[in-house]
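Going by the numbering used here, the first residue of the sequence shown is number 380, and it counts up by one from there.
By construction, these hints were calculated from the structure, which means they are not laboratory data.
You may find that some hints are simply not true.
With a Cα cut of at most 27 Å, we get these calculated DSS-like pairs of lysine-lysine [what the hints assert, rightly or not]:
#: 1; residue 1: Lys621; residue 2: Lys565
#: 2; residue 1: Lys645; residue 2: Lys621
#: 3; residue 1: Lys621; residue 2: Lys648
#: 4; residue 1: Lys637; residue 2: Lys613
#: 5; residue 1: Lys427; residue 2: Lys648
#: 6; residue 1: Lys565; residue 2: Lys613
#: 7; residue 1: Lys461; residue 2: Lys414
#: 8; residue 1: Lys645; residue 2: Lys613
#: 9; residue 1: Lys621; residue 2: Lys414
#: 10; residue 1: Lys613; residue 2: Lys429
#: 11; residue 1: Lys427; residue 2: Lys637
#: 12; residue 1: Lys565; residue 2: Lys637
#: 13; residue 1: Lys565; residue 2: Lys552
#: 14; residue 1: Lys552; residue 2: Lys427
#: 15; residue 1: Lys613; residue 2: Lys648
#: 16; residue 1: Lys429; residue 2: Lys565
#: 17; residue 1: Lys461; residue 2: Lys429
#: 18; residue 1: Lys621; residue 2: Lys637
#: 19; residue 1: Lys621; residue 2: Lys552
#: 20; residue 1: Lys427; residue 2: Lys645
Listed next, with one range per pair, are the computed distances between beta-carbon atoms [stated by the list, open to error]:
#: 21; residue 1: Ala588; residue 2: Ala465; range: 28 to 38 Å
#: 22; residue 1: Ala513; residue 2: Gly416; range: 21 to 31 Å
#: 23; residue 1: Gly503; residue 2: Lys621; range: 28 to 38 Å
Keep in mind the model is a prediction, meaning the values are calculated, not measured.
We treat Cβ as the ideally placed atom computed from N, Cα and C, and that holds for glycine.
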Amino acid sequence: MPVANLSHRAKYRLTGGDRVRYLNGQVTANVARLKTGETGYALVPNIKGKLEGDVYIHAREADLLIDAPGELRDALFGRLGKYIIADDCELEDVTDDFPLFHELGTGAVNRYGVPGRDLWLPAGEAGPQADLTAESLDLLRLEHGVPAWGAELGPDVFPQEAGLEDRAVDFHKGCYIGQEIISRLKSVGRVNRLLLPLEAVSGGAELAAGHRLFLDDAEAGVVTSVRFHPGWQKTIAMGFVKRTLAGPEAVFHAGPEKNLLSSTVKIRKIESQ
């Protein structure tokens with residue numbers, strides 16, 4: 380099975396009798412539903428309902444292991460431990476203590492749009508041979524429309540904008556930081572922009588992250604990630620598009636500025652190629 384080395388990700392361990400209750404108050408998913416050995420995906424919002432991180436939570440018999448984007452190591456450690464006051468729990472940074480690998484093919488952990496399983500190893504233990512590069516993993520997640528921190532996900536993004544409502548948000552559990560705003564967006568039923576999979580119709584070699592999208596004279600959104608797919612022989616991408624302009628047949632012009640448009644882009648359906 381193809382294997383990725385994810386040891387560069389930030390890793391934390393939460394221990395103590397209140398660990399599940401406490402973490403449930405910090406993230407969007409229902410941690411209490413995780414059985415020993417299971418891994419779940421969750422978002423870490425701020426009080427305004429926007430994202431401070433996205434994490435995978437691995438439940439073990441005596442603790443919870445959490446992994447997150449490596450660039451968030453210090454900031455997210457501070458955020459996740461910020462509200463521990465009288466709680467019976469302790470958060471540790473164990474980034475350097477646990478090699479982490481991910482094996483594609485079978486399992487219930489969906490990091491890149493396909494089934495897989497995580498392998499947490501003790502410090503110093505040699506892991507499996509990793510044969511998946513960062514570039515191949517990025518292409519895989521773009522194939523399946525999976526957002527990534529630093530590209531599609533960041534501190535100005537609501538879960539619903541990124542299409543993560545079904546995957547990462549439990550609307551029936553108890554209160555958590557940012558819940559009021561996130562629940563209100565669900566009741567309203569819409570956000571102003573949507574994260575969508577895209578593909579270049581022309582000028583794919585010129586398309587780049589950060590390019591603005593235009594529909595006729597109206598600015599329609601922004602491209603967040605781009606890669607050429609050698610198997611499909613086309614450039615695929617993701618980007619935020621204004622909800623009112625995100626019709627299935629819409630074709631956008633893209634470029635760094637309105638007067639420097641170099642590509643045409645359409646919304647891509649995610650299906651077997």
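- [ ] Go through the numbered hints given earlier and state which of them the structure violates, listing their numbers in rising order.
- [x] Violated: hints 5, 6, 9, 10, 11, 12, 19, 20, 21 and 23.
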